[in-house]
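Trainee: Letter by letter, the chains look like this.
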Amino acid sequence: MNQAIPLESDTETEVDFMELDTIIEDEFGNNKENLIMILQAIQRKYNYVPQPALTYLSAKIGIPYSKIYGVATFYSTFSLEPRGRNIVSICLGTACHVRGGERVRERIQESLEISDGQTTEDQRFTLESVRCIGCCSLGPVVKINEDMHGRISSDQIDRILDQYE
Amino acid sequence: MKIQSVKDLEKISREYSTSLYHPEYVKVNIGMASCGIAAGAEAAFNTATEAFADDKAVHIGQTGCIGYCEMEPLVEIFSGGTPRVIYKSITPDKVLDAISDYQNGIDQKKWVLGQMRDPRSLLEDEIDNPLAKVAPFEAIPFLEDIPFYKNQVKIALRNCGYIDPDCIEEYIAKKGYFALLQVLTHSEPGKVLETVKSSGLRGRGGGGFPTGIKWATCAKHDGDRYIICNADEGDPGAYMDRSILEGDPHSVLEGMLLAGYAIGSSQGYIYVRNEYPLAVKRLVTAIKQAEAYGLLGNNIAGTDFRFNIRISTGAGAFVCGESTALMASLEGNVGRPRAKYVHTVEKGFRDSPTNLNNVETYANVPAIVLKGAEWFAGMGTDHSKGTKVFSLVGKIKNTGLVEVPMGISLREIAFNIGGGVPKKKVFKAIQTGGPSGGCIPERFLDLPVDYQKLAEVGSIMGSGGMIAMDQDTCMVDVARYFMDFLKEESCGQCNPCREGIKQVLDILTSICAGKGKEGDIELLEELGSMIQKFSLCGLGTSAPNPVLTTILYFRDEYEAHIRDKKCPSGVCKALFHYEIDADACTGCRVCARKCPQDAITGEKKKAHELNQDLCIKCGICYDACKFNAIAIR
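Residue numbers (the numbering used here), protein chains in the order written: chain V, 1 to 165; chain A, 1001 to 1633.
Treat the hints with care, as some may be off.
[Claimed, not checked] Per the computed footprint, the stretches of chain A lying under chain V, defined by three or more beta-carbons under 8 Å from a beta-carbon of chain V, are:
(1) 1088-1100
(2) 1145-1157
(3) 1250-1261
(4) 1309-1322
(5) 1328-1338
[Stated by the list, open to error] What the simulated footprint calls covered on chain V by chain A, stretch by stretch (three residues with Cβ under 8 Å from a Cβ of chain A suffice, anywhere in the stretch; the number is not a length):
(6) 32-40
(7) 76-86
Just so you know, these hints were derived from the structure itself, not from any lab. For every residue, glycine included, the Cβ atom is placed at its ideal position computed from N, Cα and C.
Looking at chain A on its own, in the form it has when it is part of the complex (with noise of 0.2 Å):
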């Protein structure tokens, strides 16, 4: 079947509500993006497949990333009449349990994460809330309510774990390319031109650039105009686009769409990182959907508009990530970035007009279309509108993404949301932007998340990771290591960046080997500030930020390493010990017995000693001590 109309996704949406809503039969959902299955999930999927497969009251489907990673495997369970109940750590060997739990009624209460209130997203405020009739099952919290997903708004993430990402018609169900129809045939290209540039969306990938002004810069120019998804994500601690890829891929598809008829073109492709092979399968499926459906290809809806999807795979290469460099590896050459003296919106892929964006900013188009310029706005703040996906990772609590409105603090995030830093460890920065970003010390998390406020401090907003950092990692070592990731990803044709950041990593690495001098840290700086100065591309212009902003806010760490020799956090090996405090070892054995090199003797319940000869410092009594009995000396 072709979908002509609105009426076509209305009857498809109301077949497909019943199975997402109101199932006459338990239905099981295994939250299977990446994450979810490195925990474990698709053991978990196939054990209950396989002993569900005659059973015609249970169905097992599989779902995107709901966010909440600490807790993977992640299982909801629920049927027409009963809540709907999340599961969490359900490994293989617990599914089972984890579904006649559920058909009992709710005994392994500890196993739960909570119940939903309203499975509904942002666009489906005109269906009535399909539990508002469902008794909710006592004592069980509400996942609304739950720290980390209490001020959460979701508009990237609205399909993500609330849908099978490999069937359209679930899509369809959450009100999904009702935006495009809508355009289609109720609108024209300079009507959704404005809408996006009204709404204040800016360009989420970490440049922050207006999308509807880049849109409309790239309708002015004439030629074969082409529409790029930017799925390189290539900062490290950052997976926002992975999970929307694998969660909810049409959402990208329907933003590109909107984009391209907004613009004027008939192509679009989605280069998409080689380490992502899941979101590559996704993404097939769905575009193979789409196109049995008539909302790929010629004649879209019956209308004259015309749009391919290809993708494109990269091939590890971070730099790749700069709209230039993507774009010359999308034309089967080195991924090396050009002056933009002339802007890709002009002259970009095949030198054609290019618009590129990443993939939270195509997912985030749909749903203003459909709910319009004004209702985005009204979140966040002055510059920074709507809301932005985060990785939470590091030390911290509650791993998981998270969309929040901007304007949100970063303490917020970082504690409510993310739960603060585990083991009672004190905290100490916030990471933003990968390798382009800074490290934002505790005295300025009262900071709101947006473009400039995170600017002002050194940072940068960024893709979206957010990495916490605790009192055991060492700020010197972070630098040392963002230099290495960017001399590793330098594409080493201009020189302040490929020479400037092998001087800054070379001084680096001397400091952590107890090697460093005096006049180390101004030469840093002069350093840094000549490669921000000089380079041609983002990657090298913002290289230095990581040192730049770990000196400006933890510079008494740098001296510490130059003048005292000492790592107060514990990492870099030449510069501290590991020691036994005798009043706090308990002797319980469990130093001794990991101890790979033997290193630590002593009698049971009675404290321990540890050889500095043998001793290797490999960290693993360190992080085995439970009474903090291991001292960094």
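Chain V with its partners taken away, still in its complex shape (with noise of 0.2 Å):
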């Protein structure tokens, strides 16, 4: 929950504010209440949280921009930070953990040159370790996307990596 995300305004990604406008009036009712999940439906249609987007939603809802931070850096599912093509998700729960769900990140981490957390440089893929995704018969369990991949061992990872572009 500590990510150490730049305060300043990215200007990669071009916010269409007439669109977020829809999201926070038609879908949520202007209401501070669901600001969570208008920043999930934010995260939805950016792949992540973008700045400039934080910035209005502030202006619009009259939340304090400091809170609207502290919510999206406390909850892991946010990323102010551009995430990949694909993400990649490898379950650590205790089910996965016990059957070597900490070997196969050990070498998705290797093969990607990435740790948790992080994007590659090409923008392919996007690293991050959930806890539980519910799957346990399967562990370890990876899903890449919507895609669930189950009772992988680490010499099958880079065959399923080479599967998305």
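Put the two chains together into one complex; each comes in its own frame, and the hints tell you how they fit.
Mentor: What follows is the structure, given as structure tokens:
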């Protein structure tokens, strides 16, 4: 939860404020209590939460930027940095852990040359570890985007990663 | 149509019990919960649906999870006059063959898990067994006789795997919403409170607080009362709630409705983990269907009771399973718990009286209301009534979701239902209660499942995660694993938890790295006791449990790490190496082929050698060897 995130605005992503307004107003009724779900909707749209969207959200629903920043950094779902085209989620729940999930993680990290929470330079993969996705019978499990890969061993990693461009 | 009376429910029930029990076509039910889908059920469903698109004699449907996750995807096939057969491990390539196999009278017996003796739930004893007049297949075991199912009693899971979770009518046909209608038309809130209280139902989320007392206390406080369902199932290794939400969402809605009626509330919230998208989807469908039938909204069943349910999703914070943190999160804030000098039943969500229970607790309520408090209290032990759902995972043969009466022994669950440890390895411990629980060693396996008894050995019942561990699980590493988890998930506002857990983790990490010192164990115990006593919320006060129980029961492993610089289980890389046992090695070359470092050499059919300088201890050879020739030294 203690990610170091740059506070200055990134200029790479163009945020469509009109669309943002529709999300905040129509979907979530301008309601402060819906902050977390609004942030989730923004992340679904941009694959991360761009800083300009946070600034706009703050003005729009009247929550101080500091508080929005606090919420966005407290919850592990949110990424304030652009993520890769493919999200690799390694399950590190207890069942996967005792069945060798840690070894799978090491192998993926070696293969992609990134560590947890990072994105490859070519923006192809972002690595995220998650704590239990509830498919314990298939452990160790790696979820790539929406695809579940179960009962995997570390020697299958490269073959699986190759399927994603 | 708006449902106004029990008669309306009965009408729907009659209509849909035909497709549920006596279809005039071959019905193929594919288990489509997350675990089944991950194993290939969705692709199998699509293949089958396409193949039989124009064939009215075969109907492809979906159900939730019937619990035997190890055998997913599970496919049930039956028709009005023929037995109900469950096929196991039906991947997309096998699904069409399985259907024709059933139609041909079953040749592929090894594909079959079993046939049902009785598909009714506990609530349906008024109707006759629909299979009473159906001749069973010969030489195919009954599901109810298979060790995995034999001692299970399904209350919370009564419909999971038996109905289409996206079809409210099938839920109604299994006596769904009868409890609600009965209460609305023939009872009063006080009586419902009394029923829940005397049933002895306790919170299934982990705390184990008596549900009826919680409800009654909340009802006493004035204000806009709220009903919250905690579906933020964060314990790693636990997925009971996911399975209920995905397999039988209406049972949870009905439980919340009954709570709303008994407590006097008109607004409910379900706080679901963000990691459970399918559960959210099924809940949304269920809420819309219930609204369409007038079972949610204003003037429910023509009375002046009104109740609405909204869904809110979490955002990946374990601490939000704590009630006050969950309510803060629901208000759009950072999920930090607060001290509970004033309980949430008095001042909770939006500073109003709030009743919070978890998914499984609510799913039990309609059954209790329909069958009566005495029936429920007749099961279990003195302090723990009814049944409990466990997710039996880890180093266990029959991974899956089991619902057993309270009081059953851990041994019964692990060995009879779970089938013991696979690959002839030696059982070591059972971990219950997730990061707040403890590891229970073999010698306590005869303990009954009971809130008090599990607490006596340093663990807790928890929400129901039950992780089996074997000789290859290092208990120091397990303790380190949980501390690492909790360090990440501590909200950070109180010192004992934030700093204490970090110190414990640092010590454990150094022990696992071979840098443990004399006195470390005592320091861990001291720190653990401090964190237990002085943390603000349940996360902190229970956080040291995994460390303290592993020290208590597996002190020898800690000592081996610290004194002998050895990891007997072969997990902590700095403390062991692999060797090839020349006597056991057959020279099959499997390990040599799989080794990513090419560290294993040797001629075919002759004992191989492992080059220690190249070995990265990835364990691939250890897992691959069928002859136990890779030894941990």
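Trainee: If any of the earlier hints don't hold here, list their numbers in rising order.
Mentor: 1, 2 and 3
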